[in-house]
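Generate the whole structure from the sequences, applying the supplied hints.
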Amino acid sequence: MRIVAAAVLAIASGCVAFSPASAPFGRAGSALRHASIAASPRFSPAGARSGGVLGLRLADEGFGWTSRPPTSVQEDIVRESKARVSVTGTLAVQGAEIKYDYLPGNGPTIMYLPALNRTRHGGVATNLKTWCRANKRSYLVADYFGVGQSEGDYKDASISRWTDDTCNLIEWVAKEHGQTEVVLVGAGVGGWVMLHVAKKMAASVVGLVGVAADPDFTEDLVMPKLSEEIKQKIFSEGSSEFEWGGKTYTLTKTMVEDGKEMTVLDKGKASIDIDIPIHLIQGLGDEEIPPEKALRLSECIKGDEVVITYVKHGAHELENESDFKRIHTAINEIDRYLGKLSWSRSIRAPV
Numbered sequence: 008m009r010i011v012a013a014a015v016l017a018i019a020s021g022c023v024a025f026s027p028a029s030a031p032f033g034r035a036g037s038a039l040r041h042a043s044i045a046a047s048p049r050f051s052p053a054g055a056r057s058g059g060v061l062g063l064r065l066a067d068e069g070f071g072w073t074s075r076p077p078t079s080v081q082e083d084i085v086r087e088s089k090a091r092v093s094v095t096g097t098l099a100v101q102g103a104e105i106k107y108d109y110l111p112g113n114g115p116t117i118m119y120l121p122a123l124n125r126t127r128h129g130g131v132a133t134n135l136k137t138w139c140r141a142n143k144r145s146y147l148v149a150d151y152f153g154v155g156q157s158e159g160d161y162k163d164a165s166i167s168r169w170t171d172d173t174c175n176l177i178e179w180v181a182k183e184h185g186q187t188e189v190v191l192v193g194a195g196v197g198g199w200v201m202l203h204v205a206k207k208m209a210a211s212v213v214g215l216v217g218v219a220a221d222p223d224f225t226e227d228l229v230m231p232k233l234s235e236e237i238k239q240k241i242f243s244e245g246s247s248e249f250e251w252g253g254k255t256y257t258l259t260k261t262m263v264e265d266g267k268e269m270t271v272l273d274k275g276k277a278s279i280d281i282d283i284p285i286h287l288i289q290g291l292g293d294e295e296i297p298p299e300k301a302l303r304l305s306e307c308i309k310g311d312e313v314v315i316t317y318v319k320h321g322a323h324e325l326e327n328e329s330d331f332k333r334i335h336t337a338i339n340e341i342d343r344y345l346g347k348l349s350w351s352r353s354i355r356a357p358v
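If you count the sequence shown from 1, position 241 lands on 248 in the numbering used here, and the numbers rise without skipping.
One should not assume that every hint holds.
Distance condition first, Cα-Cα at most 30 angstroms in a straight line; then the derived DSSO-like pairs of lysine-lysine [to be verified]:
#: 1; residue 1: 309; residue 2: 319
#: 2; residue 1: 207; residue 2: 276
#: 3; residue 1: 276; residue 2: 319
#: 4; residue 1: 207; residue 2: 347
#: 5; residue 1: 267; residue 2: 238
#: 6; residue 1: 207; residue 2: 182
#: 7; residue 1: 143; residue 2: 162
#: 8; residue 1: 106; residue 2: 332
#: 9; residue 1: 309; residue 2: 206
For the record, the hints were derived by calculation from the structure and aren't laboratory data.
If you want it as structure tokens, here you go:
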């Protein structure tokens, strides 16, 4: 206690450094050889020489205060900042350059799959990237083929194509950055894509978060309600704009035809062969998706670890601060489940 008190007093009085010989520590001085105190600029009083930080380390055989080089803290901060800066690049997939943002960090990697006609810079994507940076998590997001800054004609885009591109990105982040596990966060159509990716890459995808997930939307929601005029335009011209939930979307012939082959909700209970922790967040005020769709999806998933969160008055986008926190909570819950699963397996493993 006397050592700590003296150290604090030294800083408060403007002292920057002292040696054990001159320090008023009595018998404790022998344990503080080669020790010094340096005040950080953040805490040093006016007139004090700035430089290191106050730290307690082992000095030889004893405990002692040790100074750090004046530049070491700044270097650590710069090094950490560089490590946490996201990288924007392109990955060549099936003849097209797919634009992505990657943030290095701890795994499992959080990969966001945007909603229909949305780029990688939407509200949820931006918030997730900020959250991953603050929590030192690896993060990956990309513009779909034909969307945003990725190459390709949107008329050729499809659930199959977006699924394959996502699988290639997951393989890339494993090969280039050593991140072999991912948690997929899919919004709207991204929730459809994530189901197919989870089935194709079962060894890599360890958790799913659906944000107003909308699998099979072309077949069971949109096409049955489109006018014959718009349907005819889609099949004769290759695409058409349409109004849905107060917003304008573009639907293509390729998306409709491919959607018929990629349906997942029409094969009965437990027909989606996925057995990982899944969280589905659905707004009760969603103007595009009926709330019961989350229940239907839950019934079709084979695994039991499915949690549905309904948000009273929640809109389709789910892009306010409370919605973001629900997504963060879902990821944390998946992490906890995976941690318990890993611990359970480890204690059962043969010694």
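Status of each hint after checking the structure:
Of the pairs offered as hints, the one joining residue 309 and residue 319 holds, with about 27 angstroms between alpha carbons and a cut-off of 30 angstroms not exceeded. With a CA separation close to 20 angstroms, the supplied pair residue 207 and residue 276 stays within the 30 angstroms bound. Restraint check for residue 276 and residue 319: the C-alpha separation of about 27 angstroms stays at or below 30 angstroms, so the hint holds. Of the supplied pair hints, the one linking residue 207 and residue 347 holds, its CA atoms being roughly 25 angstroms apart against a limit of 30 angstroms.
With a CA separation close to 15 angstroms, the supplied pair residue 267 and residue 238 stays within the 30 angstroms bound. About 17 angstroms separates the Cα atoms of residue 207 and residue 182, which keeps this hinted pair within 30 angstroms; it holds. For the suggested pair residue 143 and residue 162, the alpha carbons sit about 38 angstroms apart, so the restraint of at most 30 angstroms is broken. Straight-line distance between C-alpha atoms of residue 106 and residue 332 comes to about 27 angstroms, which keeps the hinted pair within the 30 angstroms bound.
With a C-alpha separation of about 11 angstroms, the suggested pair residue 309 and residue 206 falls inside the 30 angstroms cut-off, and the hint holds.
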